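S.K.: These are the residues of each chain, in order.
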Amino acid sequence: MATQADASVDERIRTETITTRLMKRPELGAIGGVILVTIFFFFTASPAMFTLAGIMNFMTPAAQLGILGIAAALLMIGGEFDLSIGSMVAFAGMIFGVLVVNLGLPLILAIPLTMAFAAMVGAVNGAIVIRTGLPSFIVTLAFLFILRGASLVGLKMFTGGATQLRGVRDAVAGDWLTPLFSGHAFGGLFRWMAEQGWVATLASGTPTVPGIPVSILWFIAVTLVATFVLLRTPAGNWIFATGGDRHAASNSGVPVRRVKISLFMLTACAAALVAIITVIDTGSTDARRGFMKEFEAIIAAVIGGCLLTGGYGSAIGAFFGAIIFGMVTIGLTYTTFDQDWFQVFLGGMLLLAVVFNNAIRKRVTGER
Amino acid sequence: MATQADASVDERIRTETITTRLMKRPELGAIGGVILVTIFFFFTASPAMFTLAGIMNFMTPAAQLGILGIAAALLMIGGEFDLSIGSMVAFAGMIFGVLVVNLGLPLILAIPLTMAFAAMVGAVNGAIVIRTGLPSFIVTLAFLFILRGASLVGLKMFTGGATQLRGVRDAVAGDWLTPLFSGHAFGGLFRWMAEQGWVATLASGTPTVPGIPVSILWFIAVTLVATFVLLRTPAGNWIFATGGDRHAASNSGVPVRRVKISLFMLTACAAALVAIITVIDTGSTDARRGFMKEFEAIIAAVIGGCLLTGGYGSAIGAFFGAIIFGMVTIGLTYTTFDQDWFQVFLGGMLLLAVVFNNAIRKRVTGER
Amino acid sequence: QNIIVVAHGQANDPFWSVVKNGAAMAGEHTGATVDFRAPEIFDMVAMGQLIEAAVNQQPDGIVVSIPDADALGPSIRRAVEAGIPVISMNAGADVAAEMGALLHVGQSEFDAGVTAGERLAEMGGTKAICVNQEVGNVSLDQRCAGFAEGFGNPVQVIPTQNDPTEVQSRVRAALESDPEVDTVLGLGASLVGEPAVAAVEALGRDDVLIASFDLSAGFLEAVSDGRAAFAIDQQQYLQGYLPVVFLALHAEYGLMPGGDVPSGPNLVTQDAAGLVIDLSAQGIR
Amino acid sequence: MTDPIIHMDGIKKHFGNVIALNGVTFDVRPGECHCLLGDNGAGKSTFIKTMSGVHKPTEGTITFEGRPMQFGSPRDAMEAGIATVFQDLAMIPLMSVTRNFFMGREPTKGRFVKRFDLETANRITMEKMKSMGINLRAPDQAVGTLSGGERQTVAIARAVHFGAKVLILDEPTSALGVRQTSNVLATIARVRSQGVGVVFISHNVRHAMAVGDRFTVLNRGQTLGTADKGHIDAAELQDLMAGGQEMAKLEGSLGGTV
Amino acid sequence: MTDPIIHMDGIKKHFGNVIALNGVTFDVRPGECHCLLGDNGAGKSTFIKTMSGVHKPTEGTITFEGRPMQFGSPRDAMEAGIATVFQDLAMIPLMSVTRNFFMGREPTKGRFVKRFDLETANRITMEKMKSMGINLRAPDQAVGTLSGGERQTVAIARAVHFGAKVLILDEPTSALGVRQTSNVLATIARVRSQGVGVVFISHNVRHAMAVGDRFTVLNRGQTLGTADKGHIDAAELQDLMAGGQEMAKLEGSLGGTV
Ligand SMILES: Nc1ncnc2c1ncn2[C@@H]1O[C@H](COP(=O)(O)OP(=O)(O)OP(=O)(O)O)[C@@H](O)[C@H]1O
Ligand SMILES: Nc1ncnc2c1ncn2[C@@H]1O[C@H](COP(=O)(O)OP(=O)(O)OP(=O)(O)O)[C@@H](O)[C@H]1O
Ligand SMILES: [Mg+2]
Ligand SMILES: [Mg+2]
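Residue numbers (the working numbering), protein chains in the order written: chain W, 29 to 396; chain S, 29 to 396; chain B, 50 to 334; chain H, 962 to 1219; chain L, 962 to 1219.
FYI, nobody ran anything at the bench for these hints, they're computed from the structure. A few of these clues could be false.
Stated by the list, open to error - Below, simulated DSS-like cross-link-like pairs (lysine-lysine); rule was C-alpha separation at most 30 angstroms, straight line:
#1 Lys1091(L) x Lys973(H)
#2 Lys1010(H) x Lys1091(L)
#3 Lys176(B) x Lys184(S)
Just so it is clear, the structure is predicted and the values come from calculations on it, not from any experiment.
Chain W with its partners taken away, still in its complex shape (with noise of 0.2 angstroms):
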């Protein structure tokens, strides 16, 4: 009487297509956003905004807000927040700064001892949270203020009354990891494309782009490591499940408060990566670094998908994200709008692009 289900054709589903199956996926739901902002500046923008030198120039920006985006992403995706992370630019460029110009320390260990003050903050931050049981919000915006004035103190202390401590760029001008963390990777290739006439050249005839910046390298692997990690290992089986739901991970055998404090430390070590990126790469640190860069991480998170809620979310989402922001902040200044508009038109475009993300990836799933 019953119809006797086959496995492999069940009468219950109706057939659908690869892209429906596609844009299912919370990490491609972004690209819809990324496709309508450049369409928008491909009509709106001098033509030198999607030249090569273009591109890299509005991926710079892109990619060091993009670290912090996916750092924050994963940590929504586990049920919390850290607000701490824009200070922590600056106080770990502090650390840093002070490793290398001060006590001339060499990278080699200048980076792992940043990374390990880094780490150890947010340690703090995460057991914290756990042992009041209080919102991260709240603790990690304490941090925030925290790390902010520490980063001053600290400064003035150690440049005798500067907000501003230099010098770094001639400190590390010899040591053989600079090139990891500084610069532009493949200079040859570029000068070599450039001499074949494949890309423009400046005046002096050296190559107007003269190689991919090494920070979008960086935003390009952790973007890589962190899909992995979210989709691939046991790992992210637990972030997921904390953030669900952290009672129902715990009963099931998750480890929720090891998840939580390692994403904290995470956090805290991808505002560390940044922060020694930006110091080598300007020489310089000084106490307003990474100023709002908390906002704007969580800002590239929720476009990519993530939600405030946790439990949901993907890195590859927080890449697109951080790539539409730094599109739609960088581009305007390519297009004949007035400037003072500058901020209707940034949320304007925001909004659009989020909206267009929604309603394209509901059409395509068919909810509601």
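Once you've looked at the hints, dock chains S, B, H and L with the ligands against the given chain W.
M.R.: Same frame as chain W, but now just chains S, B, H and L with the ligands:
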């Protein structure tokens, strides 16, 4: 065989003291923090802080923050965020300034018009959140930028290029509604008290405290109304339900959409109220008014015990949260700590206050 | 003695940290206790409240900056009413006297902007961008407005956030999208001036004039190398130092100079830059 | 035979590529208890959610008291007189029992300002819970700290209190103790005798047989048919509910009906 | 008689001013099914949560395999070999069936980098679900979109898969269809015969009688006593479970046992 239960004396309940019962209320949790902060400043700050003038001095910013904080708390209890309230303070201030200065409207028209503008923007926020199903975080974030930008553009347009609009105080000077929104109440009483020598006077003979700033009265009024609505009306029940679980609430017949849109309109109006009070008080408005106030409002609500996930919190909690925040920010100027350490202290005090709240509540309720 | 300084710029702002250093040094020299207070963000409402808090403590003198006379007026008048001597600095030269301040130490932001504009126009600038890292902060807006007036040629304001990487990208974008732009004015040396120099270098253009308000060691180096035109120095150390000294002397001997003290503007050009680098790195210039 | 209060015809419901309902027809008459039975995942809950305004059907028509009807929201359905106990109970864990009980339909007092009459609400809640066999400690206990059965009882008591014309119960007895179960079954019998139409979903054949007047069986999103009381026995029904697939070897000790 | 695997003695548990357990003693032996019965709110779930490391007892001792034991977290309990189906199932709605199934104990592959072996996991999930009588559409469906019974089956299949020494089932059959119920009861019989100790909570006397070896009844946080199979009949047991209070007048048609 089974012990038959008597409804009035249930053997499954331990007796508890009245203090325990009181401390369990989320409203009262934040009191612990207020006490701790008071004790701290009692020992470290100049005695001027706890004179009448000193108290009014830290209560005024607390009041302005608190009005926003309570609105933010209601919205958070209802499960949403509004990141645009800070910008809304600037925007509503600009609208209000233009109405009274450029158009010369009396307050009886200018205030309702400003409120109507704000409510409209709030409704748009709410409608977008509900229509698209996007998180309110990202939607109102777009409005954070849009309104901030619009204030800048508007101010430049109406002042012919400046980002500051002045002359509001003169424009509203004779208006009969002005005393409701600016200056001090009970001035006569305080003068009389000064004559009696109960209140300190300045060299010129006027009392150091000319009266209670009206913003404090508004703050108290808003707290009382919000508490009444939350705890004693059907609307309050709907707000808790909507924030607790919007599907469950909707399935039980709560008009979830209506609740959310009303809450967005309410927060926008609270921002407009703060804008009107501060614009009349300072006599001017500028494009950076209310900067970061959205976060401070959320901070006040969270210190006061609101959950970021919605469905839990109280208006009185946000009241105390705002007072804690106001006391700490202003209070540090009464101490002799170096300003460089300001943020470190601010963060530390916030953390201490909330940890203390929490510890007390746990101890009292015997949780865990 | 006890002197309180209330400023509108934060202690971690490179410009204001110099002011604060000046005030602290004056405190050391005169033996007065100096407290420096500032709101955490540019916020006139909060600043008014800080002045009130200062009045409540009945110090021997208050030093304030007055970026918005309407908003701060009542609080300053209250200080005067309470018999506390007030000196204004940095912003508010035009209104200081009518508020009851004894004198003003500083320089009008607008005038400094005009000076910079005139100088850059003289040096051959024809089209400029003014990079503002905090649009809506009235003193910064005035710098751009003054610059536009002094420059006389088209000026575009580029708003940015507090991030050197972003500033660099945006300056580069502005230069690329409009090749006619040949002048860049930054409103802060470390945050805008240095990245602007980097952006211009990355573009390989050597015809762009770069100038910046305030000093930073890195930017001064660029000036002395000829990669940047000049830095505009208000000698803000004086804005912190002098008022405190004046108030201390006033409290002790009743002394007070007879008029305002202009602390700037002072353009630091290639020949002078090398001399001030070290002072800048110590937070004195 | 009386006209049905609500008649659902050819209801289909798709979620993306999942077909949950594939043409289901069903009606409820006043004063009867119509049991909706079927295997896990057959689509029972999806179906009654369509009936109570939570889901909009992908296809199919709903007729309420003779007129075609489209419920825009659960609130519309409630106002039309349909009250539902959802399988997930639709409770807010952080809110008190009373507040959950009256959520969306709070009693008010006061002439000018309509206040939530908490005293009345508390009283009614305690009473109704007691009549279902649960002695609450206090009406302001958070629902999240109630035991599973206590929570289910709140949902049932609430629906019974507000169910004016149709009362829908989705596995109401699943977490209940024996005493509470017999109370619920007795309650169903009582409201039915007052002319309310009851839709009762259960996996327990004995409970269904005890109170049901008609039995409709769903299988894999489709109706297997409707039988009247007396025209079908427990064993047959159980066979239908299992979707015709063979059962594990334990039946003997369970005496035929699980 | 074999020694008990786990022995709980005089367990008390207070939540603030609420007394949920007031001295409960209980043990489980290998290869037996010990039924824990009682009225709604009696404290059954609280008790088994204490046993599986979720709650720390306010008072009382736990002895595991002869040694005193304090489980710091559910993970500790799982590692000791205790697997639990909680009444609220402990599932993450947004995650897929497979990910929920293996949550906390993921199978890995790869030599250097331990990857989550999703293929194996998917295969096992589909198999185990099928053996419980549920044909899943796909292993990557989100648990939140499963029907109530499907979801419960995932939780049971998971616990059975990982239950090495003790398997605790808190009302596992409440949302299950007839076919799935008999599968679960058969599964209990099977694992019991493999020497696993089973704790089975149910409100259904018939299910308890079908698989139980011993029966402990809780009432208002206290033990009413333990009886062996054969020393008690269904009607007596039912009476004890109701806490001795009288039942509504519908029993006749239900034939004595609900
Ligand atoms: N939102 C949804 N998205 C995708 N599939 C869904 C959704 N809701 C339900 N389903 C699927 O539809 C089918 C029917 O579910 P439904 O909850 O109606 O079953 P049920 O008959 O109530 O079963 P049970 O007796 O277990 O409660 C299930 O197979 C379920 O997986
Ligand atoms: N966290 C808590 N806070 C306060 N009271 C609680 C808490 N958890 C449980 N209780 C109370 O303890 C009692 C026992 O609950 P428990 O969930 O153990 O009952 P149960 O025997 O499992 O009932 P059911 O058969 O309905 O599932 C209940 O009356 C409940 O209200
Ligand atoms: Mg169901
Ligand atoms: Mg239970």
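S.K.: Which numbered hints turn out to be false for this structure?
M.R.: none
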